[in-house]
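Number of protein chains: 2
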Amino acid sequence: MQYRIGIDLGGTAIKAGIVDETYQVICSHQQPTVEGFELVVADMAETARIAAEKAGLRLDDFPSVGVGSPSCINPYTGLLVFSNNTNWRNMPLKQELEKYIPVPVFIENDANCAVVGEMLAGAAKGYRHVLMLTLGTGVGGGLIINGRLFSGGDGMGAELGHTPLVACGEPCTCGISGCLEAYASVTALIRQTEKAMSDNPESRMHAHAVAHGGVSGRTAFDCAREGDAVAKRVVDQYCTYLAAGIGGFINVFRPEIVLLGGGLSGAGDTLLEPVRKKVEQFVFAHDIIGAPPIERAALGNAAGTIGAAYLGDI
Amino acid sequence: MQYRIGIDLGGTAIKAGIVDETYQVICSHQQPTVEGFELVVADMAETARIAAEKAGLRLDDFPSVGVGSPSCINPYTGLLVFSNNTNWRNMPLKQELEKYIPVPVFIENDANCAVVGEMLAGAAKGYRHVLMLTLGTGVGGGLIINGRLFSGGDGMGAELGHTPLVACGEPCTCGISGCLEAYASVTALIRQTEKAMSDNPESRMHAHAVAHGGVSGRTAFDCAREGDAVAKRVVDQYCTYLAAGIGGFINVFRPEIVLLGGGLSGAGDTLLEPVRKKVEQFVFAHDIIGAPPIERAALGNAAGTIGAAYLGDI
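Residue numbers (numbering that gives the first Met the number 0), protein chains in the order written: chain A, 0 to 313; chain B, 0 to 313.
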């Protein structure tokens with residue numbers, strides 16, 4: 000059996016997972032993300048080494064090591080170009096990791112890793128053209144074209160969350176105004192929910208928020224399911240934003256399948272059904288050429304680990 | 000010398016051009032587009048035959064015949080899926096043409112042909128990742144990824160004009176609301192110009208329109224160049240819309256070059272300079288990774304003929 004290893008470098012934790020040839024994560028290890036690039040690199044190597052040990056393996060038993068991170072990554076130069084969490088710029092992640100790791104290191108944006116994982120082992124298995132959005136704190140994008148990961152001409156693209164949804168509209172964390180992320184992320188949904196609550200003191204979302212320790216991405220979806228009219232309007236508007244974004248991507252990429260991942264995809268059919276319906280009005284020539292299925296991603300956080308682990312193979 | 004032949008099936012004329020190995024259109028022929036699919040197909044074959052004769056050639060002297068049309072085309076099935084001009088749906092264009100033409104026929108959307116032409120012989124020569132927008136009655140899109148034409152997973156994508164610019168905003172001819180085309184086409188610019196004129200009777204755009212037989216895509220650009228404040232605001236807003244659209248595409252495709260073609264690209268630096276400046280605010284991590292050059296397409300209408308002629312080669 001040839002195993003692979005993937006590392007997820009996140010803002011709060013470094014996780015390493017060992018993946019077998021059937022794409023199962025057979026064991027893993029994690030530790031908190033500390034401050035400072037040199038320390039983080041050393042911790043990443045140690046996390047990987049410990050995860051490997053748990054499987055009875057050493058790092059030189061693997062053909063390569065893959066890393067995914069919620070950052071702007073240049074997979075060709077191996078630089079971590081930009082990270083919102085840490086303010087790192089052009090850090091030589093691949094090069095520094097290879098001082099500790101005796102096999103080639105591949106690095107990619109985490110949403111790109113996720114779509115690779117879903118293609119290999121999840122909801123996009125068998126598809127050659129896949130578009131995936133991860134709906135979390137931000138909106139991540141992953142694209143498979145002709146069975147291969149597409150991350151832009153210079154490797155730093157596929158930033159689907161940073162395309163116009165309402166140009167010059169809501170400010171986005173990236174500094175641009177009007178990005179899809181500023182309308183379709185969990186952060187945006189919370190903002191939309193809080194606005195509706197403030198305008199509608201009678202909504203049961205107030206009681207839900209008190210009972211659940213605050214407003215979250217679930218507040219509107221939970222209360223809409225329970226029949227609250229204000230929550231339904233929030234969900235309806237959110238789904239329109241998301242469907243408009245997805246429709247535009249369909250018109251460009253015509254994927255065989257669209258996957259939604261990230262925390263918000265946990266809303267399941269409450270999210271998927273209105274989005275599928277609404278997307279029809281945003282797809283070019285929909286009455287003639289139709290639209291691909293829109294499904295929930297299958298692997299959750301494991302998608303990123305599996306995708307990272309196989310970066311050296313694709 | 001191996002020649003190629005490209006046919007441009009437009010709403011008003013059918014044009015055929017013979018292209019030599021240096022990508023020069025050495026001779027051409029055209030006739031008006033009549034009504035009725037069977038007649039149009041016969042005319043296309045005749046137009047091609049006459050253009051070939053002018054070069055001392057017969058249709059079986061060519062390795063293939065390429066066709067570009069401002070329609071939704073399925074290059075894999077050879078169907079003209081949808082044409083706004085004619086209301087044709089799923090017409091077997093390739094199959095019917097091959098009854099008249101003794102070599103394989105390839106068909107593509109005209110904006111896709113244009114970017115192929117520009118890559119082979121125009122402003123994108125030598126580039127492997129190219130994004131092109133044609134700013135005309137509509138907004139056409141063409142994409143080269145890794146040196147190859149990308150037209151979506153099923154060949155019917157790359158509809159860059161039909162992605163959200165202001166989701167649910169201005170109605171677009173395609174039936175979707177808020178498309179880039181509804182803000183950045185010549186048609187949209189004329190609407191924006193007329194609105195500004197109506198709101199500002201003092202603008203010199205009124206005199207310009209009278210002198211030039213009506214409002215056109217040039218009205219605001221010409222008057223802005225002459226210092227008219229209202230026209231400057233129209234141009235400024237138009238360039239912001241276009242820059243927001245281009246910025247989003249850069250964040251997804253990270254092309255090596257962005258080309259602007261179509262009638263409006265004739266405005267030259269009056270268009271290009273503000274767009275280049277404004278696009279910076281719409282490019283993700285622009286201060287670190289920058290943006291590709293934005294240039295005017297070089298070949299004009301010949302791009303479509305040359306691209307169509309080489310569809311069988313790419």
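It should be emphasised that the hints constitute simulated quantities derived from the structure, not laboratory data. Ideal placement from N, C-alpha and C gives every residue a C-beta, glycine not left out. Among the clues, some could well be false.
Computed footprint of chain B on chain A; a stretch qualifies when at least three of its residues, placed anywhere within it, have a C-beta under 8 Å from a C-beta of chain B [claimed, not checked]:
{"no.": "1", "segment": "231-243"}
{"no.": "2", "segment": "249-258"}
Computed from the model, here is a short list of chain A residues facing chain B with C-beta under 7 Å [to be verified]:
{"no.": "3", "residue": "Thr85"}
{"no.": "4", "residue": "Trp87"}
{"no.": "5", "residue": "Met90"}
{"no.": "6", "residue": "Pro91"}
{"no.": "7", "residue": "Leu119"}
{"no.": "8", "residue": "Ala122"}
{"no.": "9", "residue": "Lys124"}
{"no.": "10", "residue": "Thr162"}
{"no.": "11", "residue": "Val165"}
{"no.": "12", "residue": "Pro170"}
{"no.": "13", "residue": "Ile175"}
Cβ-Cβ distance ranges computed for the label pairs, FRET-style [unchecked claim]:
{"no.": "14", "chain 1": "B", "residue 1": "Gly125", "chain 2": "A", "residue 2": "Asp59", "range": "50 to 56 Å"}
{"no.": "15", "chain 1": "B", "residue 1": "Ile287", "chain 2": "A", "residue 2": "Gly265", "range": "30 to 36 Å"}
{"no.": "16", "chain 1": "A", "residue 1": "Asp235", "chain 2": "B", "residue 2": "Glu279", "range": "55 to 61 Å"}
{"no.": "17", "chain 1": "B", "residue 1": "Arg127", "chain 2": "A", "residue 2": "Ile25", "range": "15 to 21 Å"}
{"no.": "18", "chain 1": "B", "residue 1": "Gln94", "chain 2": "A", "residue 2": "Ile313", "range": "19 to 25 Å"}
{"no.": "19", "chain 1": "A", "residue 1": "Asp19", "chain 2": "B", "residue 2": "Arg147", "range": "31 to 37 Å"}
{"no.": "20", "chain 1": "A", "residue 1": "Glu169", "chain 2": "B", "residue 2": "Gly125", "range": "51 to 57 Å"}
{"no.": "21", "chain 1": "B", "residue 1": "Asn84", "chain 2": "A", "residue 2": "Ile313", "range": "52 to 58 Å"}
Going through the numbered hints above, which ones does this structure break? Give me the numbers in ascending order.
3, 4, 5, 6, 7, 8, 9, 12, 14, 16, 17, 18, 20, 21
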